Structure formats: structure tokens, C-alpha cells
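Enquirer: Letter by letter, the chains look like this.
Number of protein chains: 6
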Amino acid sequence: MTIDERIKASETRIFKAVFPNTTNHYDTLFGGTAMHLMDEVAFITATRFTRKRMVTVSSDRIDFTRPIPAGTIIELIGTVSHIGNTSLKVQVEIYIEEMYSFNREKAITGTFTFVAIDEHKQKVSVL
Amino acid sequence: MTIDERIKASETRIFKAVFPNTTNHYDTLFGGTAMHLMDEVAFITATRFTRKRMVTVSSDRIDFTRPIPAGTIIELIGTVSHIGNTSLKVQVEIYIEEMYSFNREKAITGTFTFVAIDEHKQKVSVL
Amino acid sequence: MTIDERIKASETRIFKAVFPNTTNHYDTLFGGTAMHLMDEVAFITATRFTRKRMVTVSSDRIDFTRPIPAGTIIELIGTVSHIGNTSLKVQVEIYIEEMYSFNREKAITGTFTFVAIDEHKQKVSVL
Amino acid sequence: MTIDERIKASETRIFKAVFPNTTNHYDTLFGGTAMHLMDEVAFITATRFTRKRMVTVSSDRIDFTRPIPAGTIIELIGTVSHIGNTSLKVQVEIYIEEMYSFNREKAITGTFTFVAIDEHKQKVSVL
Amino acid sequence: MTIDERIKASETRIFKAVFPNTTNHYDTLFGGTAMHLMDEVAFITATRFTRKRMVTVSSDRIDFTRPIPAGTIIELIGTVSHIGNTSLKVQVEIYIEEMYSFNREKAITGTFTFVAIDEHKQKVSVL
Amino acid sequence: MTIDERIKASETRIFKAVFPNTTNHYDTLFGGTAMHLMDEVAFITATRFTRKRMVTVSSDRIDFTRPIPAGTIIELIGTVSHIGNTSLKVQVEIYIEEMYSFNREKAITGTFTFVAIDEHKQKVSVL
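Residue numbers (full-length UniProt numbering), protein chains in the order written: chain A, 1 to 127; chain B, 1 to 127; chain C, 1 to 127; chain D, 1 to 127; chain E, 1 to 127; chain F, 1 to 127.
Some hints here could point you the wrong way.
As the list claims (entries may be wrong) - What follows is a set of in silico ranges between Cβ atoms, one per label pair, in the way DEER data are often shown:
id: 1; chain 1: C; residue 1: E98; chain 2: F; residue 2: H82; range: 51 to 59 Å
id: 2; chain 1: B; residue 1: T65; chain 2: C; residue 2: T2; range: 31 to 39 Å
id: 3; chain 1: C; residue 1: S81; chain 2: B; residue 2: K106; range: 27 to 35 Å
id: 4; chain 1: B; residue 1: E105; chain 2: A; residue 2: S125; range: 21 to 29 Å
id: 5; chain 1: A; residue 1: E93; chain 2: E; residue 2: N85; range: 22 to 30 Å
id: 6; chain 1: F; residue 1: D27; chain 2: B; residue 2: E105; range: 21 to 29 Å
id: 7; chain 1: D; residue 1: T86; chain 2: F; residue 2: H82; range: 51 to 59 Å
What the hints assert, rightly or not - Simulated crosslink set (SDA-like; lysine to any residue; CA at most 25 Å straight-line):
id: 8; chain 1: A; residue 1: K123; chain 2: B; residue 2: A17
id: 9; chain 1: A; residue 1: K123; chain 2: A; residue 2: R53
id: 10; chain 1: A; residue 1: K8; chain 2: A; residue 2: P67
id: 11; chain 1: E; residue 1: K123; chain 2: F; residue 2: E98
id: 12; chain 1: E; residue 1: K106; chain 2: E; residue 2: M1
id: 13; chain 1: F; residue 1: K8; chain 2: E; residue 2: A9
id: 14; chain 1: F; residue 1: K8; chain 2: E; residue 2: R104
id: 15; chain 1: C; residue 1: K89; chain 2: C; residue 2: K106
id: 16; chain 1: F; residue 1: K123; chain 2: A; residue 2: K8
id: 17; chain 1: F; residue 1: K106; chain 2: E; residue 2: E11
id: 18; chain 1: F; residue 1: K89; chain 2: E; residue 2: I73
id: 19; chain 1: D; residue 1: K8; chain 2: C; residue 2: K89
id: 20; chain 1: C; residue 1: K52; chain 2: D; residue 2: P67
id: 21; chain 1: B; residue 1: K89; chain 2: C; residue 2: H36
id: 22; chain 1: F; residue 1: K106; chain 2: A; residue 2: K8
In case anyone wonders, no lab produced these hints; they're calculated from the structure.
No experiment lies behind these values; they were computed from the predicted model shown.
Ideal placement from N, C-alpha and C gives every residue a C-beta, glycine not left out.
So that you can see chain A by itself, here it is in the shape it has in the complex:
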């Protein structure tokens, strides 16, 4: 596979219904719950791209553009956005979909950096 094909093949999605166990007292998705899901989708994307042991190094700025109301559906999409020697970046976007209309809007964006390590915790190539 080419790099582009590997990027496409490693794209990773998580849909989730915003039920009460994920919300705060404003009846919107708690930011921390969103970040938890973002790191999970980013980690899976990075692992599926490299098929190596990946460790989170950092998250870049995450923008919470709009609140996510209870009773909506969210989709997280993780995509490899930059490939270094021993590290790569995954961009994660969260979209809100209203349940009972076709409205869909981007709500949160962020980027996560991972490094690939071997079993001795030494950095290795991501490719």
C-alpha cells in the first residue's frame, strides 16, 4: 500500500449517543468525556496506521467550538495528518448530528502526537 492508502485504511470512526452518563449539569457532553473519546480514536488510528506500539506524547490545542446537547449523536473521525520518523500526528474531529434531522456540524477539533516504541521502549520508525 502507498502511504495515502495506508492513511485512508487507518481512518477510524466512533459514533456515540449522548446519553445522561456522558453529560454535565448543563445537559451537554462533558468536555472531559469528549477528550477521553478523542484520545481513544487517535490511539486506534495511530496503531492501525503503524501496527506498532504507540504512546501518546502530546495533544495540540483542542477547540471546543460548540456545546454538544444531550440527545444528539456524535461521530469522531481520526486521520493520520503528519508522518515523522518515529512519531506521527492524528487529527480528530467530532461532529454533532441531531437525531431527528439531517443537521450535522463540526463541534470539536484537535491533534494528537504519538511515538512508536519497541518492546524495550526504544523509539522505532513509524513506517
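Take the given structure of chain A and dock chains B, C, D, E and F to it, following the hints.
Expert: Then chains B, C, D, E and F, alone, in the frame of chain A:
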């Protein structure tokens, strides 16, 4: 959109890493956790197809073909598989992906039936 | 013990209060949460009957007869309903009890099939 | 029903498999998880006895007699043990069952006190 | 360090926002959730004081003085309150803080007893 | 109170034991779990400083300097680090403490930005 396009557009995916908070004492994904995720992906698929209030009526036979070890990745895929007047069926498949190889196998299959209701809890057309 | 006595002795119950962390946006118990609990009670029933390693093979049709409102109590009851050579079936019923009356109704019914395995993952007799 | 019959009818049981999401770093059931379950079974017992709004007032001494290893089954049993005018006590016992033997031992005992209140939060008779 | 300095240094705090995933059907913090957090803060306090393996032996009477409404903040404070040879006691207090005022009140108090054990599960000195 | 006194008074701490329900398949704290806790401590810090409705706007770069092994204790500390007109920044640090030694090291650092809003969702002064 045609029905086929709506089926395609409502296809719903959830990736998940099999971490210790989802496993049983055999160190494999607990069956109940898998069923929880299957109902969630089925519910979202049904809602995204109809954009109406959907209620789970039943699940048909669910086959747990192979155990899902801790430290793997799973992908759930929900697809509308049958459309009735006020009900529809969603097929859900769970695939295992090993983290550090390209092995991917189907592990669990099931079908869920939903009905569409209005705000007075009366059945309505799914289309 | 006779088989009937073992069936009686392995009957397994789980009561649960339907609090917000178990509900969907309709303010009723999320179907996936119910299935999670059903598999747990079925697994415990099967294990307590055989005292052997049990693995979920399949669930038969599960009927969600009525929604379970937040603020009620549910009781799950698991009972061995069929005994094969290396497999058995457990029937699970969920009853709703209103908190502030003696109303009690059956809400969900399902059947789960398990096989008994030894430490080498070979099927063994359930008896 | 007589009081004794009501006590018998309100006896409440919760079985649970001790999986990794309930354990501490000693690979035994975390004490706080046990207390969470004990309060839940006590609350349900009290509510099923009175069919009134019950509020936890206190827990008496809880003895953790023996650790509960991962990979066992526990049963919690709640029983009304004392009936006052506007309050009652529920005794909760937790038993460990090994999965692959008939060994069963008491592990934890405690007593919880509840008061009955009406919709204006005034104390009312528990009977 | 003197004992008093060690007590001060091992004081342990947990703040938590009371969101829907922690509440009961009265829209107040579920008592079992409070007890779970109390045991966690007590365990950490005991471990940070002794830096040895600590096991919960018992909780003394826990008083739930006032209900904790959804949409408030709680602070748990654990403090070593008694030091024996192989055991110690930790007092835990829970305070409610309203989010949008400076009101702060004590809501729950309890005491937990721990013993120190070595790797052979023999009791050892807590000092 | 002066601003400095308010900053000091709003400092917010969460201790947590790293048990299996928070770890990944490397047996270290899952990054997403850390981020969830960081946003919670940041939100509580911001709310306790302003006593107004606070909404997460963004997180700046979060550095995961070292992995956090299972069986350790973490402390999160949130401190207001910058005060604007309608927004403020909270710095969050996570420290690892080994259970059975006095070793303590910083593991993760990040900064979160919040805005204050009134009941009509209009921005208001944070002071």
C-alpha cells in the same frame, strides 16, 4: 436519496480498544460489554436511517463466533438490513483487529429490530 | 444433588435501581445496559450450575416487551433451562417493579447458550 | 401481609462477577466498589419493604472480613433487620463463591439506616 | 518527619462535580457513589502515610447529614486520625460547595480502619 | 479577597489510585482517562474561582512526559494561571506518587481555557 443511498449513509461504525475495563476473568472482552456496544451501534444506525424516534423491539440470535482477547481493537459496523412499514432491522458485525498485524476476523454477528414511534408513542412509518 | 436441585441452587438474581447512569435520552433503561446485565446474570447462572469454565456461544431472540422507566427497580432472574452434553441454555427474565407500589411486570426475556471448556479450551461435559 | 412476610418479600439479592473493572492493584475487589453495591442493595431492600421514598441516614460499622479475589462471584443479600417509626435498618451481607468449586464464605457485613420521607421531605411512617 | 508532619503530608483531597452519572432518581448524589469515593480517599491517605500495603478492615459509622444535589461540587478530605501498631484510622469528610456561591457545608463524615501487611500478608507496623 | 487569595482558595486537587479500570493494555493509565480527569479538575478550579457558569473553550498543548504505571497514585492540581475579561486559563499538573516510596514526579501538564456565561449564554466578566 434512494433507499440504497440512505442505507449507505446510515452505516455506523464504532472502533474500540479492548482495555481491562471491558474484559472478564479470561482476559477477553466480556460478552455483555459486546452486546451493550452492539445495541448502541444498532440504535444509532436505525436513528440515522429514519431520523425518527426508534425503540429496540428485539434482538435476533447473536453468535459469538470467537473470543476477543484483551489488547486487540474491535470494529462494530451497523447496517440497515430490512425495512418494514413501522419497523426495520439492523445487522451488526464485530470484527477483531490485532494491534500489531493486519489480521482481521469477524467475531460476533447479530440483528436488532426497531420500531419508529411518534411523540405519543404511536408507531409511525420508518420512511 | 439432583439436576432439579442444582437448577434451583444455581438460580441467580440481580436487582438494580434504574438511575441516570443507565438510561437513554427517552429516560428509560438503555437496551444495551439491559443486555449487559442479562449476559452477566446468565454467565453467573451457568457457572454456578456447572462450576466449570463457561463461554457465551450465542443469545437467542431477546424480546424487549416494555420500556423500563428511570426511577424504577428491575430484577433479573437467570435459570438453567436446557442441559446438553457440553452446552446449556440459561433463560433470563427482567421484571420491572415500581418503587412506590407493588406493581411488577415482565419487561424483557431472552435465552443464552454457553459451552463448558477445560483449561486447554476443549469442550467438556457440563455435568 | 404480616411484617415477617413483608421482610421476606423485600429480601433483595445482587450477584456480581468480580471482573477487572471492579478490582484494585492487589487483584481483589476494591472496598469502595463493595460499599457502592452494599448501599444499592440496602436502598432497594428498604424501598421494596416500604414502597416509600427512602433516604440513607447512616451506615453502621462495616466489617471487611476477608479479601474477595478477582475471578470469583459475589452475592449481596439485603434484609430488613429493624423497623422503627420513620426509619428502618437493612443488614447487608456479601458472600464469596469460588467459580469452580462449591466453596462459599461470608466476606463483608454491614447495616444501613434509612428514613422514609414524603414529597415535602417530611418524615413519614415506614409501615 | 514527625508524626504530625506525616499526618499533614498525607492529607488527601478529591474534588468532584456532581454530574448525572453519579446521581440517583432524587437528583442527588447516590450514597453508594459517596461511599466508593470515601473508601478511595481513605485508602490513598493511609497508603501515603505509611507507604506500605494497606487493606481496609472496617468502616465505622458513616453519617449522611444532608443530601448532595446534582450540579454542586464536593470535596472529600482524608486525614489520619488514629495510629495503632499495625492499624490506623482515617477520617473522611465530604463538603458540598454550591457552584455559584461561596456556600460550603459538611455533608458526610466517616472513619475507616486499615491494617498494614507485608508481601506474605502478615501484619506489619504502620510506622 | 485579593485576586491572589482567590487563586489560592480556588486551587483544586484530585487524588486517584491507578486501578485496572483506568489502564490500557500497557498497564499504564490510559491517556484519555488522564485528559478526562484534567478537564474535570480544570472545570472545578474555574468554577470555584469565578462562582459563575464556566464553559471549556479549548485546551492548549498537553504534554504526557512520562507513563503512569498501574498501582501508583496520581495527584491532579488545578490552578488559575491567567485572568482575562470573560475568560481565564487553568493550569493542570499531574504528579505520580509511587505507593511504597516517597518518589513523586510530574507526569503531565496542560492548560485549559474557559469562558464565563450568564443564563442567556452571553459572555460575562470572570471577576
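Enquirer: Does the alpha-carbon distance linking K8(F) and A9(E) stay inside the 25 Å limit?
Expert: Measuring from Cα to Cα gives roughly 18 Å; hence the hint holds.
Enquirer: 21 to 29 Å was suggested as the range; check whether the CB atoms of E105(B) and S125(A) agree with it.
Expert: For S125(A) against E105(B), whose Cβ atoms are near 27 Å apart, the range 21 to 29 Å holds.
Enquirer: Would you say the C-beta atoms of E98(C) and H82(F) sit inside 51 to 59 Å of each other?
Expert: For H82(F) against E98(C), whose Cβ atoms are near 52 Å apart, the range 51 to 59 Å holds.
Enquirer: Given the hinted pair K8(D) and K89(C), is their Cα-Cα distance within 25 Å?
Expert: violated, 29 Å
Enquirer: Within a Cα-Cα threshold of 25 Å, do K89(F) and I73(E) meet the stated pairing?
Expert: Distance of about 20 Å is within 25 Å: holds.
Enquirer: Could you check the hint for me, namely that S81(C) and K106(B) are 27 to 35 Å apart, CB to CB?
Expert: At 28 Å between Cβs, range holds.
Enquirer: Check the hint pairing K8(A) with P67(A) against an upper bound of 25 Å on the C-alpha distance.
Expert: At roughly 29 Å apart (the allowed maximum being 25 Å), P67(A) and K8(A) break the hint.
Enquirer: Given the hint that K123(E) pairs with E98(F), does the C-alpha gap stay at or below 25 Å?
Expert: Within the cut-off at roughly 21 Å; holds.
Enquirer: K123(F) and K8(A): Cα distance at most 25 Å?
Expert: violated, 41 Å
Enquirer: Has the given pair, K52(C) with P67(D), been kept, meaning a C-alpha gap of at most 25 Å?
Expert: holds, 22 Å
Enquirer: For the hint 21 to 29 Å, verify it against the beta carbon of D27(F) and that of E105(B).
Expert: holds, 25 Å
Enquirer: With a cut-off of 25 Å on the C-alpha distance, tell me whether K123(A) and R53(A) pass.
Expert: holds, 10 Å
Hints 5, 10, 12, 16, 19 and 22 from the earlier list are contradicted by this structure; the remaining hints agree with it.
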